[in-house]
Amino acid sequence: MGRLTACEPKILYFHGPAVLRLSKGYFPRLDPVFLKSENAIDMRAQTLSEARRILAIFALLAIGSWFISAWLSLLFLVLFFCIVFFFRDPDRAVPPDPNLVVAPADGIVRDIVELDENEVLKTKTRRIGIFLSILDVHTNRAPIDGRIIYRQHREGLCLDARRPDCSEKNESMTWAFENSRVTVVVRQLTGAIARRIVAWAEAGDELKKGERFGMIRFGSRTEVYLPLSAIVVVKAGEHVAGGSTIIARLPD
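For any residue, its number in our numbering is found by taking its place in the sequence shown, counting from 1, and adding 10.
These are computed hints drawn from the structure, not numbers from a lab.
Misleading hints may appear alongside valid ones.
[Claimed, not checked] In silico SDA-like cross-links for lysine to any residue, where the CA-CA straight-line distance does not exceed 20 angstroms:
1. K134 <-> V123
2. K245 <-> V119
3. K134 <-> R191
4. K218 <-> S190
5. K132 <-> Q162
6. K134 <-> P174
7. K245 <-> L125
8. K134 <-> V192
[Said to hold, decoys possible] Pair ranges (Cβ atoms, derived):
9. R62 <-> P261: 41 to 47 angstroms
10. D126 <-> E188: 14 to 20 angstroms
11. I241 <-> P100: 50 to 56 angstroms
12. W76 <-> N189: 53 to 59 angstroms
13. S59 <-> R259: 32 to 38 angstroms
14. E216 <-> D175: 33 to 39 angstroms
15. C92 <-> K132: 40 to 46 angstroms
16. N128 <-> P261: 22 to 28 angstroms
17. Y160 <-> A246: 24 to 30 angstroms
18. I64 <-> N189: 24 to 30 angstroms
19. D175 <-> D101: 32 to 38 angstroms
This one's a predicted model, so the numbers in the text were calculated from it and none came from an experiment.
Glycine included, each C-beta is placed from N, C-alpha and C at the ideal position.
Using the sequences plus the hints, can you model the full thing?
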């Protein structure tokens with residue numbers, strides 16, 4: 011590939027949710043809905059499947075190394091469960107008010123700036139940049155109720171997601187969500203560690219606010235572009251939870 015593709019593009023596409031519930035007293039089961047539970051570990055099979063190769067490697071290493079060293083086997087077993095933790099995907103309480111915009115990702119708000127969004131909206135917007143660490147939930151969620159009117163992958167570099175120029179240079183996936191009141195753009199960006207963007211939804215899909223549409227494996231950066239009329243209610247440095255934390259209010 012050309013010089014821009016310093017990291018090999020790895021965009022995966024899946025469609026249709028599936029949830030695997032693991033809870034004391036229950037056998038695992040698959041449901042086509044988002045489960046709500048207390049005192050249980052909810053793992054979506056769709057999300058966890060993104061780690062299936064890594065999990066398989068650590069599982070085989072844990073089994074194989076048992077014949078060499080129990081401590082080495084234990085190390086690989088710990089790494090196995092660390093990966094399970096990294097790919098956790100909890101349910102979130104989504105605020106129902108249509109005037110409220112929720113965070114599209116978990117992470118720290120790195121910046122809030124006014125700039126032109128030239129790919130979809132082609133006007134000045136207010137951008138909120140969220141940095142996802144390796145310890146954050148990696149799933150991306152719809153910031154508003156709406157239809158996906160745009161989805162476009164752009165090849166690029168894999169610079170550190172904390173660099174100010176990563177938004178223009180890094181590999182990305184841009185989404186636009188539209189309803190009768192507003193259009194909101196979300197951009198997933200790769201980083202130095204996170205080099206795989208996963209898309210679960212397609213253009214034309216109708217999503218509810220807080221519904222999952224994709225993920226960035228092992229974190230990176232997610233940006234949301236809002237109209238200038240939106241009142242931002244978060245500040246740089248705050249930690250937000252995707253699908254739950256209110257980041258802006260739309261005018262009545």
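Hint by hint, here is what the structure shows:
1. K134 <-> V123: With Cα atoms ~10 angstroms apart, K134 and V123 stay inside 20 angstroms; holds.
2. K245 <-> V119: Measuring from Cα to Cα gives roughly 7 angstroms; hence the hint holds.
3. K134 <-> R191: holds, 17 angstroms
4. K218 <-> S190: holds, 14 angstroms
5. K132 <-> Q162: Given pair K132, Q162 holds - Cα atoms ~15 angstroms apart, limit 20 angstroms.
6. K134 <-> P174: With Cα atoms ~18 angstroms apart, K134 and P174 stay inside 20 angstroms; holds.
7. K245 <-> L125: Roughly 17 angstroms between the alpha carbons, so the hint for K245 and L125 holds.
8. K134 <-> V192: Status holds; Cα separation ~14 angstroms.
9. R62 <-> P261: 41 to 47 angstroms: holds, 45 angstroms
10. D126 <-> E188: 14 to 20 angstroms: Distance hint for D126, E188 holds at roughly 19 angstroms.
11. I241 <-> P100: 50 to 56 angstroms: Violated, since I241 and P100 (Cβ atoms, about 28 angstroms apart) do not stay within the stated range.
12. W76 <-> N189: 53 to 59 angstroms: Given about 54 angstroms between the Cβ atoms, the range holds.
13. S59 <-> R259: 32 to 38 angstroms: With a Cβ separation near 36 angstroms, S59 and R259 satisfy 32 to 38 angstroms, so the hint holds.
14. E216 <-> D175: 33 to 39 angstroms: At roughly 35 angstroms between Cβ atoms, D175 and E216 fall inside 33 to 39 angstroms, so the hint holds.
15. C92 <-> K132: 40 to 46 angstroms: holds, 43 angstroms
16. N128 <-> P261: 22 to 28 angstroms: Once the Cβ atoms are compared, 24 angstroms apart, the range 22 to 28 angstroms for P261 and N128 holds.
17. Y160 <-> A246: 24 to 30 angstroms: For A246 against Y160, whose Cβ atoms are near 27 angstroms apart, the range 24 to 30 angstroms holds.
18. I64 <-> N189: 24 to 30 angstroms: violated, 37 angstroms
19. D175 <-> D101: 32 to 38 angstroms: holds, 36 angstroms
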